[in-house]
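S.K.: Each chain, written out:
There are 6 protein chains.
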Amino acid sequence: MRKPPVDLIKRALEEDGADYDITTLSTVPAEQLANASLIARQEGVAAGLTIAAATFRLLDERVTIDLLVADGEQVHPDQLLAHLSGPARSILSAERVALNFLGHLSGIATITAHCVQAVAGTRTRILDTRKTTPGLRHLEKEAVLLGGGQNHRFGLSDGVLIKVNHIKAAGGIAQAITAARRAAQHLLKIEVECETISEVRTALEANADVILLDNMDIETMRSAVELARRDAPGVLLEASGNIGANPRRLAAVAATGVDFISLGALTHSAPNFDISLEFA
Amino acid sequence: MRKPPVDLIKRALEEDGADYDITTLSTVPAEQLANASLIARQEGVAAGLTIAAATFRLLDERVTIDLLVADGEQVHPDQLLAHLSGPARSILSAERVALNFLGHLSGIATITAHCVQAVAGTRTRILDTRKTTPGLRHLEKEAVLLGGGQNHRFGLSDGVLIKVNHIKAAGGIAQAITAARRAAQHLLKIEVECETISEVRTALEANADVILLDNMDIETMRSAVELARRDAPGVLLEASGNIGANPRRLAAVAATGVDFISLGALTHSAPNFDISLEFA
Amino acid sequence: MRKPPVDLIKRALEEDGADYDITTLSTVPAEQLANASLIARQEGVAAGLTIAAATFRLLDERVTIDLLVADGEQVHPDQLLAHLSGPARSILSAERVALNFLGHLSGIATITAHCVQAVAGTRTRILDTRKTTPGLRHLEKEAVLLGGGQNHRFGLSDGVLIKVNHIKAAGGIAQAITAARRAAQHLLKIEVECETISEVRTALEANADVILLDNMDIETMRSAVELARRDAPGVLLEASGNIGANPRRLAAVAATGVDFISLGALTHSAPNFDISLEFA
Amino acid sequence: MRKPPVDLIKRALEEDGADYDITTLSTVPAEQLANASLIARQEGVAAGLTIAAATFRLLDERVTIDLLVADGEQVHPDQLLAHLSGPARSILSAERVALNFLGHLSGIATITAHCVQAVAGTRTRILDTRKTTPGLRHLEKEAVLLGGGQNHRFGLSDGVLIKVNHIKAAGGIAQAITAARRAAQHLLKIEVECETISEVRTALEANADVILLDNMDIETMRSAVELARRDAPGVLLEASGNIGANPRRLAAVAATGVDFISLGALTHSAPNFDISLEFA
Amino acid sequence: MRKPPVDLIKRALEEDGADYDITTLSTVPAEQLANASLIARQEGVAAGLTIAAATFRLLDERVTIDLLVADGEQVHPDQLLAHLSGPARSILSAERVALNFLGHLSGIATITAHCVQAVAGTRTRILDTRKTTPGLRHLEKEAVLLGGGQNHRFGLSDGVLIKVNHIKAAGGIAQAITAARRAAQHLLKIEVECETISEVRTALEANADVILLDNMDIETMRSAVELARRDAPGVLLEASGNIGANPRRLAAVAATGVDFISLGALTHSAPNFDISLEFA
Amino acid sequence: MRKPPVDLIKRALEEDGADYDITTLSTVPAEQLANASLIARQEGVAAGLTIAAATFRLLDERVTIDLLVADGEQVHPDQLLAHLSGPARSILSAERVALNFLGHLSGIATITAHCVQAVAGTRTRILDTRKTTPGLRHLEKEAVLLGGGQNHRFGLSDGVLIKVNHIKAAGGIAQAITAARRAAQHLLKIEVECETISEVRTALEANADVILLDNMDIETMRSAVELARRDAPGVLLEASGNIGANPRRLAAVAATGVDFISLGALTHSAPNFDISLEFA
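Chains as they are written, first to last, in my numbering: chain X, 1 to 280; chain G, 281 to 560; chain E, 561 to 840; chain R, 841 to 1120; chain W, 1121 to 1400; chain S, 1401 to 1680.
Rather than coming from a laboratory, the hints here were simulated on the basis of the structure.
We put the beta carbon where it would ideally sit given N, CA and C, even for glycine.
Be aware that one or more of the hints could be misleading.
Facing chain E, a subset of chain G residues (Cβ under 10 Å, in silico) [unchecked claim]:
{"no.": "1", "residue": "L407"}
{"no.": "2", "residue": "N431"}
{"no.": "3", "residue": "L468"}
{"no.": "4", "residue": "E518"}
Start from the sequences and build out the full structure, keeping to the hints where you can.
M.R.: Next up, the structure:
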């Protein structure tokens, strides 16, 4: 795990005006201590607990938090996730930001786990995409890992994925692959997006390392997989486009034998996960 | 409208590695120009178009964007939202960040519009909450306005909302209101969270300016409204808790006569709105 | 109290070159320890002691500071305010920045206390304004609280105060109030600036929550207060304009029965308060 | 002149919430244009006009400002200092921050000019000190120049000034001078604080380049000047301590023949200079 | 090319005090214009010209620069590289920072070109390493490209290179490769450092994608190349360790048939390239 | 010594992706502890050890480092410089950044020590220049001190050095000196660059405090020294231009009796110093 994103948490606390919570400052005595609990209100996978803990402590280092569950664990309705104790003011003032992180990230981990479950028993792994919330990519991709998914490239500067417009500009699939191979550092594989069997064939001939099967129907996908496995057994295959977090659809795609399914919905449409903070 | 959040957009472009898009740099010639369109793929309310425009221009000020639709307008599947023209490399490298803003914010505006529609014809207005994505509160609250909703306080330092824990700490509703009124600057009203009719009565007697009816059933809510309208006609009433973006439920709550319904779901669970960028 | 403004203190230390104090580095041995005292040189109200303490510790966390007086306490000439001990170099290098905060903020608290004293025994409270030193508003408004004053809105985004130019642009007092009420979040009151009795009357009819009596003579102010108390007992009244930190003038204004007097001089013209640091 | 301090101005605008001025946004139409004037309300020296101009333009680059007076010029009550024209909203929202800079800096330039006037006709020049407002040293020292004063060292890292505690720590005046000369880069002169004639003599023998006559009475100061002029004609002499911005006292000190008088009051106690912004 | 690193250039100008160049401000009139030239004083490859140009313009946008040579071109003693014209003050105050960038980066491009020349006609390409100057990696790696070299991975988060300590910790070469393959995103190849033929054999059996031949003598390197070419023709080979920018040594290593030689000396020991700025 | 440059170190760690070292995270268990040593691989002067220590601790404060050698000490091949212990992952992930600082700064200290050695026994001291790596001036100038050299002015705002272009613009050497003396604060000496004996004579007559003998041959330099010592014994003399880190040349220049030799090569062309980190 990376360290908690201190700057982002501080920005979030500042955004919420947490260091000048008028209501709390005027109604809660400075010296009052409190015990509180973080409690899951639904079934799913916890994510963001270490960040929530860091949030309370960044507002006030006198708050202590006991995590009863680790990020990535399956949790149940009414399960205690953590105990907090410390100055009541600080717990109240940091509560919303902490819960905003927790709800968002546990939501992503939970939907990822559902998708991973849908393809269990196959070779297919669930990948995220770059369709993330601006400023939160690190956290969201980590939540995908916690849900059992796997990360695609982080961004444009650390992976090569040749899409239709790149192919057009380069003058063809083979030219695009050659150009990318020359420019990219030697530790990077070259992935190419293909929409037809014929494009897959061209990409294989041009020694693509990975092929993205984009928006193909199940039948075409299956042919593509067969072709690749026969002609280029080391090549990896990724399915994408209009798949969504639908278990039946995911199972059908996985059954074609692709190595990966990538899903924007993991990060851009995961519903908030319900967690509450209760004072003892 | 506020100005586009330059720092946030820059962080998002940097997060995506947009200034070093290996694929594009190696396959698309530096001098190649392109025309492209932003196209809605579903029905809803557009939001984030000015931010998307700023995103392209922050990466490369030579990109020009013609917005054909204003933020806040209703859009339809396959409707053109904007034309872009400029260096092909820059359009490709900024595309994902621009779409990430657009999809997220239009999603929020769209779900807000559905909720507003559900209470149309009543006095009730739809409010957002502080349950926003860390770092994006300004944008998300503006998307709520674009969808026809109204904003609650921005954060803890610019509004008073006394909740159960504050009441406990202060020793009662009346004490909490008095303490808050003394501490808050004189331009702020005092809102108090109540869960029972008896609490509403106490709050009214203590001269609360606004009452939050929390987690009440419809019947209780209706009694609370009646009580308040009779005894304190200037007091505002807000319903909250377990309501969700469900039209029928929203209509039922609005029918009680509350002034506001506040909904976390507007900002924390809005599904992404589908928009694509196509090259001409 | 908010936490000390770490970024501002660091900028001030950097501005002063405190981490490379040539004189001290060359003349004072690294290992030399020192005891020192902060001593008031005049009568007044201390403010900024916690910030001064933070300044020494941000330069060198080995410096320990015992505050003998709390921010907000009345102090006398030659009174010891704090004991310091630690590396002599660090105490010397942070001294000027710490004293600059102390002198400025204690100056504000002291002049505020004089003004509060001048209206003692009346209902009138002393308010600050937005006429603060750029970058120091939080600290200066806190010093006003420490001196017994009360804060007006913090800035333009967290309070509504309709002035002459707004009224002109909106087409009248009533129109301006309506427009502001629609746009502002529901927890904000609406304040309107009035220069004549006739304007006060219009503002009351338009349900203003607070009225700023601007640049009125005592007679007019008294009539305005009478009018408001009779027609709209819940409305708050603030006097402002050309009042200054003059005790007799303040008492006369308070005698009209206004709720508040706001004074730019508290923050923009308070003379420095004399405090010195002496080595034992 | 340095360039306007863009970061500081932006922080000040942000501090004031100038990009979300609820009152103005709700009452003034977006398209409304306005003409306005900056007008002096008292006699003195203008400073901060270029910063005020930058403030309006940083909020909205469509605002144009014509400066009718340059920073450093003497101005009179009711004199027009600048014309502004542009979007009414932006002029209103930036007004307070612009005036806060103007009032503070013109106040410093004005008090400096008074002190310079008091020593006119002598060799003595008026110096500022490091007793400045945290974060504003550059601006305040520039205002001193505009008022006709001269700057002392900027901070601890770019000048050597040996004070009593340094002398104690180094074991004597001569030892302190030697140590400082060895450590400082060769372009720096060495200044030493002396409180008695005997200390002045020792400092001269140790080849100090500049001597600070601290808290001396006029008689002693005169003796110190005579001694130095006779024994070390190239050495510079600075008077400091308890002098204040009092014309008679300044003239008396200048009459002793010192090269400089340094005054904390220039920057830490200058009253605000009254300037107003009026709409046409 | 990436855009010029604006923040870094600004920090460098600030570090040099370029906005307050006392000498220039006091001796050169504000209105004086000047023409100047950048002139190479030695043979080599130019790099950093666009950054130098940006440096002048960031200090003062009125300076215009005509680049007569592009970054990456071979230049000769006394060759004109660029013409500048604009305010004399700004050219003088930005000169040193601009030349510091130019000298450092052209030095790197020049030594890289020498190394590339030494292996010309072979399949071997010259790579840089992560042995760069803190804060300048982007620029230094771009200078390597300009000199005809190729970049290795940018940093630890965007490439996998398993070294001896990783192998020990993982329990062997095969285990380390498997672990890395599982964790890294699917677009990354796996490189392993080997010191003996036996390790190379193990790495090939474990399906390493790239092998780093570390500190091997020429004989061993040749055997390693033979082994790899025979058993795993797709695998890439990189030589490293104690090679240095010595032409004869580079030619000998290239003659073994490795794909890459990586050299820390390109970036950490390149002597400054001599360029001067002359006023017309 | 200043404190370690925390922001720069953090930027360097971030630049290297040290908080997401894929290789280490996947191959080294989180709980594995390690002992390691920093070892010199050549003869020279250590510099940057405290910065290297801070680097490891900024990545992970659980790493402990025992420095066996202080910055500024002479070290020998295979000498242990420090012991490290702590989480193996953190030591591996911070290693490269720490070594990059160490190698660069020890390289500067070592070449400086060679130059200082070359003029040992004379009055001449070795000075650095402003020809430093952008962003690293503080560190590089400190490394020069550690190698026994002395610092010239830090930047343009804290020292006066009048060069040919300033003299031309001011209308002559005397005019330039007068102008600079008037503008600079009174603690600064005035240095003037001279290329001929006649210019030196003029500068002495104009009361320059320091004279830079630029690009003179040994004979002319000697005459300049004689002239200055005779006519103005307090004036300091600095030799510069085309001298380089050549011991024989340095000795010859020192023999002329100049006070200083300044050398760009100390900071812009020092070869990296070889230090390695070995696991126990």
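S.K.: Each of the hints needs a verdict: does it hold here or not?
M.R.: Hint check results:
1. L407: holds (8 Å)
2. N431: OK, holds: N431 of chain G within 10 Å of chain E, min 5 Å.
3. L468: Nearest chain E Cβ about 6 Å off; hint holds.
4. E518: holds (8 Å)
In this structure, none of the earlier numbered hints is contradicted; all agree with it.
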